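Asks: Sequence:
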Amino acid sequence: MSFIWRRPSPPQMFQYTFHCVNHPGRFVASFEVSGDNVVLIGFDLVGALPHRVEINIYNRAGYLVAQPFTNNQLKPGKYSIVWQGTDANENNVAPGIYIVEYRTERDSTSQIIRWPLE
9 MSFIWRRPSP
19 PQMFQYTFHC
29 VNHPGRFVAS
39 FEVSGDNVVL
49 IGFDLVGALP
59 HRVEINIYNR
69 AGYLVAQPFT
79 NNQLKPGKYS
89 IVWQGTDANE
99 NNVAPGIYIV
109 EYRTERDSTS
119 QIIRWPLE
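Remember, this note's numbering sits 8 above the position in the sequence shown when you count from 1.
Treat the hints as calculated values from the structure; they're not laboratory data. It should be emphasised that the depicted structure is a prediction, and the values quoted were computed from it without experimental measurement. The beta-carbon is built from N, C-alpha and C at its ideal position, and this holds for glycine as well. Where hints are given, some of them may not hold.
To be verified - Simulated DEER-style distance windows between Cβ atoms:
(1) PRO103 / PRO58: 36 to 44 Å
(2) PRO103 / VAL54: 34 to 42 Å
(3) ASP52 / GLN92: 34 to 42 Å
(4) ARG60 / ASN97: 34 to 42 Å
(5) ASN97 / ARG122: 19 to 27 Å
(6) ASP52 / PRO103: 28 to 36 Å
(7) ASN99 / GLY70: 30 to 38 Å
(8) SER118 / LYS83: 33 to 41 Å
(9) ILE107 / TYR87: 32 to 40 Å
Produce the complete structure using the sequences and hints provided.
Replies: Printed below as a string of structure tokens:
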């Protein structure tokens with residue numbers, strides 16, 4: 009697994025990109041947090057077979073807070089979703105540390121984010 013950290017301008021935004029390779033599947037995903045307190049989660053599915061994809065948000069204690077994206081079979085390609093800091097019932101989550109998990113049937117990885125942005 010390799011990690012790439014980028015800090016583009018404007019300074020209130022950051023992008024975190026990670027690559028995880030596990031034969032025969034491969035994915036590339038990125039998290040971008042804007043000054044509007046919106047997390048953009050983009051991912052690129054590579055390969056010939058459809059993939060089951062889940063995006064899960066956990067609180068610091070490890071409890072599942074939200075599952076903003078679940079799809080049983082996605083074809084290879086580029087996808088993105090937005091998380092606006094709400095739980096499964098559309099309530100605003102408390103300020104704190106959250107873990108964004110990206111999972112397919114072959115791979116998974118996660119990124120820690122602080123919510124809301126400071």
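Asks: Take the hints in turn and mark each one as holding or not.
Replies: Hint check results:
Remark: the range hint 36 to 44 Å for PRO103 to PRO58 is upheld by a beta-carbon distance near 37 Å. In this structure the supplied range 34 to 42 Å holds for PRO103 paired with VAL54, their Cβ-Cβ distance being about 36 Å. Evaluation of the 34 to 42 Å hint for ASP52 and GLN92 yields a failure: the beta carbon distance comes to about 22 Å. Evaluation of the 34 to 42 Å hint for ARG60 and ASN97 yields a failure: the beta carbon distance comes to about 24 Å.
At roughly 22 Å, the beta carbons of ASN97 and ARG122 sit within the given window of 19 to 27 Å. Range check, ASP52 to PRO103: Cβ separation about 31 Å, and the 28 to 36 Å hint holds. Distance hint for ASN99 and GLY70: a CB-CB separation of about 19 Å, inconsistent with the stated range 30 to 38 Å. At roughly 24 Å, the beta-carbon separation of SER118 and LYS83 lies outside the given 33 to 41 Å, and the hint is violated.
In this structure, ILE107 and TYR87 break the distance hint of 32 to 40 Å, their C-beta atoms being roughly 20 Å apart.
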